[in-house]
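4 protein chains.
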Amino acid sequence: MLLVMQKGTTEDQVRAVVAAVEKKGYTARPIPGGDRVSIGILYNKGSVDAGHFLGLDGVKEVIPVTKPYKLVSREFRQENTQVKIGDAVFGNGTMPVIAGPCAVESQKQVLAIAASVKKAGATLFRGGAFKPRTSPYSFQGLGKKGLEYLARVREETGLPVVTEVMDTETFDLVEACVDVIQIGTRNMQNFSLLRRAGQSKKPVILKRGMSAMLEEWLMAAEYIMEEGNTNVILCERGVRTFVRHSRNTLDLSVVPAVKKESHLPVIVDPSHAAGVRDQVVWLAYASAALGVDGLMIEVHNHPEEALSDGAQSLYPDQFAQVMEKMRAIRTIIEAS
Amino acid sequence: MLLVMQKGTTEDQVRAVVAAVEKKGYTARPIPGGDRVSIGILYNKGSVDAGHFLGLDGVKEVIPVTKPYKLVSREFRQENTQVKIGDAVFGNGTMPVIAGPCAVESQKQVLAIAASVKKAGATLFRGGAFKPRTSPYSFQGLGKKGLEYLARVREETGLPVVTEVMDTETFDLVEACVDVIQIGTRNMQNFSLLRRAGQSKKPVILKRGMSAMLEEWLMAAEYIMEEGNTNVILCERGVRTFVRHSRNTLDLSVVPAVKKESHLPVIVDPSHAAGVRDQVVWLAYASAALGVDGLMIEVHNHPEEALSDGAQSLYPDQFAQVMEKMRAIRTIIEAS
Amino acid sequence: MLLVMQKGTTEDQVRAVVAAVEKKGYTARPIPGGDRVSIGILYNKGSVDAGHFLGLDGVKEVIPVTKPYKLVSREFRQENTQVKIGDAVFGNGTMPVIAGPCAVESQKQVLAIAASVKKAGATLFRGGAFKPRTSPYSFQGLGKKGLEYLARVREETGLPVVTEVMDTETFDLVEACVDVIQIGTRNMQNFSLLRRAGQSKKPVILKRGMSAMLEEWLMAAEYIMEEGNTNVILCERGVRTFVRHSRNTLDLSVVPAVKKESHLPVIVDPSHAAGVRDQVVWLAYASAALGVDGLMIEVHNHPEEALSDGAQSLYPDQFAQVMEKMRAIRTIIEAS
Amino acid sequence: MLLVMQKGTTEDQVRAVVAAVEKKGYTARPIPGGDRVSIGILYNKGSVDAGHFLGLDGVKEVIPVTKPYKLVSREFRQENTQVKIGDAVFGNGTMPVIAGPCAVESQKQVLAIAASVKKAGATLFRGGAFKPRTSPYSFQGLGKKGLEYLARVREETGLPVVTEVMDTETFDLVEACVDVIQIGTRNMQNFSLLRRAGQSKKPVILKRGMSAMLEEWLMAAEYIMEEGNTNVILCERGVRTFVRHSRNTLDLSVVPAVKKESHLPVIVDPSHAAGVRDQVVWLAYASAALGVDGLMIEVHNHPEEALSDGAQSLYPDQFAQVMEKMRAIRTIIEAS
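Residue numbers (numbering that gives the first Met the number 0), protein chains in the order written: chain G, 0 to 335; chain L, 0 to 335; chain V, 0 to 335; chain R, 0 to 335.
Think of the hints as simulated: they come from the structure by calculation, not from any bench. Among these hints, one or two may not hold up.
Among the chain L residues that face chain G by a calculated CB cut under 10 Å, a handful are [claimed, not checked]:
hint, residue
1, Gly57
2, Val61
3, Phe129
4, Phe190
5, Gly227
6, Glu323
With a straight-line Cα cutoff of 25 Å, these simulated DSS-like cross-link-like pairs (lysine-lysine) come out [what the hints assert, rightly or not]:
hint, chain 1, residue 1, chain 2, residue 2
7, G, Lys22, G, Lys66
8, R, Lys23, V, Lys107
9, L, Lys324, L, Lys117
10, R, Lys6, G, Lys259
11, V, Lys69, L, Lys6
12, G, Lys324, V, Lys259
13, G, Lys69, R, Lys59
14, V, Lys6, L, Lys69
15, G, Lys69, R, Lys6
16, R, Lys66, G, Lys66
17, L, Lys324, R, Lys118
18, L, Lys107, G, Lys23
19, G, Lys324, V, Lys324
20, G, Lys6, G, Lys59
21, G, Lys117, G, Lys324
22, G, Lys259, V, Lys324
23, G, Lys201, G, Lys117
24, L, Lys66, V, Lys6
25, L, Lys69, L, Lys23
26, L, Lys66, L, Lys23
27, R, Lys144, R, Lys117
28, G, Lys144, G, Lys117
29, V, Lys143, V, Lys107
30, V, Lys324, L, Lys259
31, R, Lys83, G, Lys59
32, R, Lys324, L, Lys324
33, L, Lys117, L, Lys143
34, R, Lys83, R, Lys6
35, V, Lys324, V, Lys117
36, R, Lys83, R, Lys118
37, R, Lys23, R, Lys66
38, G, Lys259, R, Lys59
39, G, Lys59, G, Lys69
40, L, Lys6, V, Lys259
Predicted model only: the values in this text are computed from it and were never measured. Where is the CB? At the ideal position from N, CA and C, for every residue including glycine.
In isolation and in its complexed conformation, chain G is listed as follows (with noise of 0.2 Å):
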């Protein structure tokens, strides 16, 4: 941490900033300048609150240096984590794709769909059974029998299944149900469910908050392997800007950002990005381009019957030819 101190400040000032510091435990170090004098917070371990000095007399700003994540830093460790569901490896270099609706809707619906986007390439399968919705008067998922459903498509199809879980009370229901857990953009910061997923076996797919800091993504991801879950995948699904032509803006240059400062891998969810179909192929091209580890989208046998997002869902042989193209833009990316 830096204290940058005001302009004109006396010695005296500075040594009592020094002190204060001191008094906290810490190492301070005075630096002369051009035109003020800055004061080095030396040899914390994890970051310092800014808080305790922002205050002081003489201090005009306080720049924090050491990032505050430690287990998801790249620099805690430095090879690529990977993350292993049935055939599908996270982290490797290579690029499952997690394909299905929005949210489970029938048995039938949900075996139809895995049978279509399984044929494609996808690797693993969505489907919401428990479904967070701004408006408790929309569509909230078939819940427990959601679940049943997904079941079956495993053994049907041999697919792993990926669904959302909203809280701690139906977590041991959802987690003995299904290979992934999906923690979605609401509860990115939902401390008790984080911490719940770090309790689990089971591999957590972290999407990215509406408006969430990579530094908050991260301490996030933090949270759940602190508890001892080191399979978390990050997901990235658009943020919240001024933009109003597509839902969200995807924010792909998060994606090389994030595997600078950490070794988890990353994939993106073009599909709630864009909210509307033809945007969602274009930006899962440019992903795929993006040496992501994996895509998540959401494909609808009958999307204007969906009972939710049927605008973002791709139709089965749209998918079809969607992964085609990226299998194909992923082959140039790899060749060196």
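Use these hints to put chains L, V and R onto chain G, whose structure you have.
The following block gives chains L, V and R in isolation, referenced to the frame of chain G:
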């Protein structure tokens, strides 16, 4: 809902869209225009899912008209909802102030702060026992012990106490100990927690999410009201923007906007918006001038020793002066 | 335009609003609904100013339907506009690449970089002679001298040259020297400059403003087209969001959105979006996969010595590899 | 500037970076830490370009410490700059109000409005003669005729007049006719215009750009001051965020932030921030309570007939009441 058709749409296309709308059970009425036809969806109860129609042939855009909220809306209930807690009333034109430290740190600390904020005119006391922290390594609150300290504050000062609840597991405990339950920014769309709060007999303060649209915030309140709890107080605390000179950007125009759309009381927390003491004071004055239904302000007797958010906590003397000026401002605003 | 009336509006109020609309010369048609009446404003040519009706008694909300742009709109002209410059065509399905340094620094520098980017396949050369800089103390470009250096690049390499024009005073000079005129982000709504560009015979690259809505960007292009210049190329270069891990957030979904609304070609500048070299490479691949009509990429032979934007400039070798992969990605995208 | 090195950087790498920094003419000092080494760049005059060092081997992050502004900074000049225009003084603790219509529409209109705002206590009159409009088809202002009407307002009422200048071509004309020159939001980084304004003897109101960081805004003022004009008034008018319930989001915390960093007066324009009359009133009160150095408010005698921005213009009576309450609020704020 209005379906705007592309220029040059044929009559057959219009007929097909009308048929699709009516198949869903709605009434469709084509509206000719200079450039293009639009199709109104009429007599629908509640909002209609845009996804059903966005992909239809010839449909260029889908514009929602009906708002999705019901119970929280000013059209549903014209007079202001008044939430009474102890001597304070939120929503009757007065401006009760909730004050106290970010976190409960010790019995001595909360008793000392409570005495000073009461003297300055605060009518409720706040303090966090369970703290949502970005980092798992930061101070997480005293938990149950903190609730006991709060209970003693109420006994000794007579001030009702407010604290945040982070999950459904600890809800019963928190509910039993405090007078007002706060749902924090990060949990604004934790729908399980909202439902549980809706089943409580205690009033609920619902903070706005970090990047919540007005409509999403009101829908979160709708979850609580729909379960039967009508004592909901909305709290603006700053939203995330590109700005870096304050922790968040306090969105004061949301206050008149909420009051136009909803009958619920709305208060402002300038402390979390600003993040630094100097700004808190000014934003408190601005909020008082805006006709808010109350404020929530962080006060600490030793901010530089605070275990969290020290930089944004007012000193007790500072708070007393702020209270005095806010009251004077309020008198002016109320004068017709 | 649709005027949404408050619930419980009386017939008299509706009649009064209809009268007010018709007094302005528009046709008004009340549209009954389940909850409330709306009033459609019909047969208007162009967009209608919401301000006229927002304050009328009983009007709750005003929803624009007609888009304000004409000449730039896909509805006005269905086939893609093709802008031909030298051997490059923007808008015909190919993907010409404009490359070069942020700023022209010396004759030697631009000749060296031009030779290498031409060899790598770039078909236009870029370089700033007049630089818009946040600080008056930063390097402001070589001005007229820089234009001369660019002219020599064209002579020696045959590459058409692109440079930014900052004001109407230097417009004639810039126009006389270069092949393509660029209007920068900070000038996207400098309407006098747009008008002057509209009177030019030279093609114009119009960069998107830092926080421009799609509609505002298209309206800026409309200013140029309205003066008679139809050779407009739109350029996405990242927008300002809360994000801090990249200089700006590249908004790739704007590309399909522009193509839906407009016939104008749209290119992407990944360099200014990213701000750091490592991200530029990935965003370039992503852009190529998105079906853009071209790219603009910063390249410098000695980035660490660059007078501006060194950190985001690619090395010539790096650029050559990026070009190769982008071409391969593009082949896949084009295959039906 | 602080260069944060990666964990495990070798001494050789540190030496190489130190050498690279010193080659640029700066002094470098390694600062050891618990986790990693940082390298401080010392004794630099003005800010250092991060781009020089970001790509160096072992450098993980570059953190700027020195602010790039000089003349505008509070450290350069400690006492408040006072800008005197007619009877009004901006920056001496009073709160002059500039009022008038968005656009000058006729001689009769401006005289009528000027009479009423003067009576209510406004001490400057505003009105647009050259209007920056998103659409080329919208009313663009009366131009020279409008300036004449404004001159007549000054003659008849004695109120100094403020109008926006859109380009350097019309600058002389505008400068000759009015008392204060306004540079609009869209031109905040039109550096040629800023330079021209810096050569004027007339005071300049510099509106904040739609998504300008505090630093960028101050640097725009630096351009004006650097040319010799010290009479600069900053004007906050709302910034672009994800929010849709107001036209822009008024960022009131920028006011204390500007005052901390700069000696220049800062005023608030609640009209453009809100976009609707009801919100304008409340934001005006909030601004008055914030200790601003002045306000700019739109007033129209027939808002529903206004050629632009009618919905956000106050009625004259409404304005008179707002003035009265703002004055009363201000008295409270000033009382120590």
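Do the hints match the structure? See the list:
Restraint check, Gly57(L) versus chain G: the minimum CB separation of about 14 Å is more than 10 Å; hint violated. The restraint placing Val61(L) at the interface with chain G holds, with a minimum CB-CB distance near 8 Å, inside the 10 Å limit. The beta carbon of Phe129(L) comes within 9 Å of a beta carbon in chain G, closer than 10 Å, and the hint placing it at the interface holds. Annotation: Phe190(L) was flagged as interfacial toward chain G, and the flag holds, the nearest CB pair being 6 Å apart, inside 10 Å.
The interface hint given for Gly227(L) is broken, as the beta carbon of that residue sits about 12 Å from the closest beta carbon of chain G, more than 10 Å. Hint on Glu323(L) is violated. Least Cβ distance to chain G is approximately 22 Å, over the 10 Å limit. Taken as a hint, the Lys22(G) and Lys66(G) pair is honoured in the structure, with Cα atoms around 22 Å apart against an allowance of 25 Å. Restraint check: the Cα-Cα separation between Lys23(R) and Lys107(V) comes to about 21 Å, which is no more than 25 Å; the hinted pair holds.
Among the hinted pairs, Lys324(L) with Lys117(L) is consistent with the structure: their alpha-carbon atoms are about 16 Å apart, no more than 25 Å. For a cut-off of 25 Å, the pair hint linking Lys6(R) to Lys259(G) stands: about 13 Å separates their Cα positions. With a CA separation close to 12 Å, the supplied pair Lys69(V) and Lys6(L) stays within the 25 Å bound. Only pairs whose Cα atoms come within 25 Å are accepted, and Lys324(G) paired with Lys259(V) is accepted, the gap being roughly 22 Å.
Simply put, Lys69(G) and Lys59(R) have alpha-carbon atoms about 16 Å apart, close enough for the 25 Å limit, and the pair holds. Distance restraint check for Lys6(V) and Lys69(L): the Cα-Cα separation of roughly 12 Å lies within the 25 Å cut-off, and the hinted pair is therefore satisfied. Proximity of Lys69(G) to Lys6(R) is assessed by CA-CA distance (about 12 Å); at most 25 Å being required, the pair is judged to hold. For a cut-off of 25 Å, the pair hint linking Lys66(R) to Lys66(G) stands: about 23 Å separates their Cα positions.
A C-alpha spacing of about 28 Å is found between Lys324(L) and Lys118(R), which places the hinted pair above 25 Å, so the restraint is violated. Between Lys107(L) and Lys23(G), the direct Cα distance comes to roughly 21 Å. Compliance with the 25 Å bound is thereby established for this hinted pair. Restraint check: the Cα-Cα separation between Lys324(G) and Lys324(V) comes to about 15 Å, which is no more than 25 Å; the hinted pair holds. With a CA separation close to 9 Å, the supplied pair Lys6(G) and Lys59(G) stays within the 25 Å bound.
For the hint linking Lys117(G) to Lys324(G), the alpha-carbon distance of about 16 Å falls within 25 Å, and the restraint holds. Proximity of Lys259(G) to Lys324(V) is assessed by CA-CA distance (about 22 Å); at most 25 Å being required, the pair is judged to hold. Among the hinted pairs, Lys201(G) with Lys117(G) is consistent with the structure: their alpha-carbon atoms are about 22 Å apart, no more than 25 Å. At most 25 Å may separate the alpha-carbon atoms for a hinted pair to count; Lys66(L) and Lys6(V) meet this at roughly 12 Å.
Annotation: proposed proximity of Lys69(L) to Lys23(L) holds, straight-line Cα distance about 22 Å (limit 25 Å). Annotation: proposed proximity of Lys66(L) to Lys23(L) holds, straight-line Cα distance about 19 Å (limit 25 Å). Only pairs whose Cα atoms come within 25 Å are accepted, and Lys144(R) paired with Lys117(R) is accepted, the gap being roughly 22 Å. About 22 Å separates the Cα atoms of Lys144(G) and Lys117(G), which keeps this hinted pair within 25 Å; it holds.
Straight-line distance between C-alpha atoms of Lys143(V) and Lys107(V) comes to about 16 Å, which keeps the hinted pair within the 25 Å bound. With a C-alpha separation of about 55 Å, the suggested pair Lys324(V) and Lys259(L) falls outside the 25 Å cut-off, and the hint is violated. Proposed proximity of Lys83(R) and Lys59(G) is contradicted: the alpha carbons are some 30 Å apart, above 25 Å. As the CA atoms of Lys324(R) and Lys324(L) are separated by approximately 15 Å, the hinted pair is consistent with the 25 Å bound.
Between Lys117(L) and Lys143(L) the alpha-carbon distance is near 24 Å, which keeps this suggested pair within the 25 Å criterion. In summary, the hint linking Lys83(R) to Lys6(R) is not supported, as the alpha carbons are separated by about 55 Å, beyond the 25 Å threshold. For a cut-off of 25 Å, the pair hint linking Lys324(V) to Lys117(V) stands: about 16 Å separates their Cα positions. Straight-line distance between C-alpha atoms of Lys83(R) and Lys118(R) comes to about 21 Å, which keeps the hinted pair within the 25 Å bound.
For the hint pairing Lys23(R) with Lys66(R), the CA-to-CA distance comes to about 19 Å; that is within 25 Å, so the pair holds. The suggested pairing of Lys259(G) with Lys59(R) holds, with an alpha-carbon distance near 10 Å, which does not exceed 25 Å. At most 25 Å may separate the alpha-carbon atoms for a hinted pair to count; Lys59(G) and Lys69(G) exceed this at roughly 29 Å. A C-alpha spacing of about 13 Å is found between Lys6(L) and Lys259(V), which places the hinted pair at or below 25 Å, so the restraint holds.
In summary, the numbered hints that this structure violates are 1, 5, 6, 17, 30, 31, 34 and 39.
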